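Asks: Fit chain to chain and form the complex, with the hints in mind.
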Amino acid sequence: MIVAEIKRALSSTSFLIALGVGLLFALAHILTVAVPYAFDPDWSLVQAGSKGVYPNSLLNSWIGATPYALSTSLFFFALPLLVCLPHAGTLYTDLKSGFISSVITRCSIKDYLVAKAVAVFLSGGIIGIAPLLFNFLGTAMLLPALTPEPAAGIFNVPPTALLADLFYAQPWAYLLFFLVFDFILCGIIACSCFVFSFLVSNKFVVVVAPFLVCVITYFALGDASGYSPINLLNPSQSHIAQLIPTLASYVIIACAITLFVVWKYRRFEVV
Amino acid sequence: MKRVKLGISAVLIVVAACVCAARIIYVNSTFPAPENHVFSVNEPATYGGESSAGIVLTAGDIQITTSNFRALDHEGIKAAIPSYIDPIIQLGNATDLRVFLVDATFKNTTQEHKDVTLRDYHLTSQAWLNGFHPLLFENFNEDPSTILPVDPGSTETRTLVFMAYNSQINPDRGWNNLAQSDFSLVLALYPDRASISLGHPTPLDAASLDTSQAAASTNDAEGSMV
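Keeping their order, the protein sequence lines are chains Z and C.
Residues 1 to 271 in our numbering are what the first sequence spells out, letter by letter.
Residues 1 to 226 in our numbering are what the second sequence spells out, letter by letter.
For reference, chain C alone in the conformation it holds in the complex (with noise of 0.2 Å):
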């Protein structure tokens, strides 16, 4: 009687398993994980998919083509931006902070206009992320739009904005490592993941800093959001 019951154990025990990895392989096959696809820096990327404003691209529209990488730090960009006041900072949240610089162009194939939806760029390394700073970009960019149109055949320069505070690092990691992390830049998630493998940044000092751009709006800085 024991041994029957230990045997009826035993065949529920592994029906039971089969019906639990039966609906496993159905759930995963019906969300196929994102296929990657990494570029490296002055190569052409491209992706496809739509952006959080509703514009679709289809891969290859737009290439996009990064080319310098640069890091600033809370001094850096108190002397490229005087009237720059950190709120974050400001607040106590943080101490210190790391302004990421990258230039990017954005060629258009198409014989359409197309846009580019800039904010929904991230940057990233490892756990950490961040997403497009809209203030600062106004401070090194001439035209302030995130939505970046781009006439066909033709190409638009623009350097993306993105922060990092020593409060969003763990400090196993170490927040004075971070700068001699990898970085990329996602530029999309899903169904296909796309983005550029940037490499450490280049540390950038204020005097090296092309600031013509970045006196332009420097009135607007104050009172900045995050």
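The shape of chain Z in the complex, shown without the other chains (with noise of 0.2 Å):
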């Protein structure tokens, strides 16, 4: 059962038009930030160390660093989207369809939630990582990983910024920290997506229910805006957010997801 759902969730047309989407702003990025960085005549005065200057690499450069460059914005702003459009309002269909009713006949309710689950978690973290992967190793081809300085004061990673000590003394650490927590919060997004199904009779509104949140939540939280999914998903995040106080609240947001769909599925199973 979660080989099929997998399989119905990656090779759909949605899962590759989102991920085609989250490409095309990695691969935008790298054009109109990290060519000019490589190619700018200026570099060569930088090289040579011109007025103490430190030179722009890779760990200021990515997707991932450039909190200014527009492509970044949009990309932040479009993940919680793109994370839900693939997979995640299948549940809804299948519901509305009736098809979860032939499912149930076959295997147990259980089994097909996790399996849904599984699939929508797996296809929203590959949408959300597999542009930052490609924009990493893009900028990498072209940019040198220079070891962050924080008194060069072009490193987009603030000391108010979630781990900013890690990101200086050990940033390798600090950009699988990201990587990973970017997966499982793309996944939890996409996860979200069960609760709308139940709450309204519109496939539409159900993916983008997600989306509007995360901005709303952005937009409307003020000094806790930094725990908003838009701002923890870049890992230059421009709001102050804490260790402990992001991981309880999404820990308890992923909780509280998954008591809501077993407690609705219960009565579905009753009926």
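One or more hints might be untrue.
[To be verified] Within a straight-line C-alpha distance of at most 20 Å, the following computed SDA-like cross-link-like pairs (lysine to any residue) qualify:
#, chain 1, residue 1, chain 2, residue 2
1, Z, K51, C, D103
2, Z, K51, Z, D40
3, Z, K51, C, S51
Since the hints were made in silico from the structure, they are not lab data.
Model, not experiment: these values are computed from the prediction.
Replies: Now the structure itself:
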């Protein structure tokens, strides 16, 4: 059941479209940020240490390190929508079309839900980090991987950012943390569509609702907007967030989604 | 047929990976990582390179020796310079500050006049950094020039001033823990990095501060900019 559901998620046209859009953002970023940094003639002066300037490098030029770039802003704003496009709305369609009734004659509702959750989580996670990895690799082929230096003033991870000290001490551990965190967060965002499948009666709204929640939390939470997924997905966060409250809040959200779906389907099974 | 397709795909993936790896190795070989030279307090430190003012120093031309590293809190700086009004706190962008003072002696080891660009120095502690504070520098030194002239064979001493605000620190790290952290005075970044490891600052109260120099220009302190 799980394998079939994953195949269904990863081979769908909507998955390829969402992945393609994400990769386009990543490519646009390479062309507009990394390529000019790499081939600007001024670089020959910078390489020689002219006026003590620290050269642009991979860790201040990839899509996760350039909050000032338009392609970065568009990508991280669009990400909550992209991760929901491929498969997150299929629970709603299965429910509305009656497909779920035929499925539960062949397997338990628990197996169906687990398979659906794994497929949606994986498709969301892959769409979240594939463009990041593509952009990171593309930028690494153009710019050197110099050690981040706070005194250089060119690395967009301020001391107020989540795990900023780790970025300057162990940059690869910091990157690994954010890739894993982004994968999980994108998976949670995609799975949040399950909740909206019961609350609204329109597939478009089911798929768009998590994106709207992310945008509203980003703009409406004031000092707490650092905990919005749009801020946290970007490794160079522009708002302050603390580690423990961040992890705790998303564990609670994941548990709440699970409990809500289990509660709803127990009722469904009884009916 | 399926096996052939699989084989071709595998070969293409391996070729693409090799091309990517070769390109990454090439790019990193043309921009080598800076060599890190770390000095300690009371040890003569040297650095070379071009400053932001375009002044070129060869490593060894100037020896910098730091001796005292002290921290002053908001009340302390208000007591030392009563007319000082901090614009960041006044605007509500921070609620507390620390002033860090580093005594540094500059020795010209050459037979030529040398200029040292003090404003290029940064104080760092993990992810936190701040640049040289020119206005408070005026209050703690008789000569306010941030380009320090050093005659052949002579030495000059200055108190370098840096500022930290609580709004610059992630709450995970804790503002109150900052003064117990290790600090570095970064002198140069690229192509060679040179820094002096300062350790923890000594807490300083205004009563023990020599404010004779600070008092000299207190009128200029109001409405300062950072």
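Asks: Looking back at the hints listed earlier, which ones does the structure fail to meet?
Replies: 1
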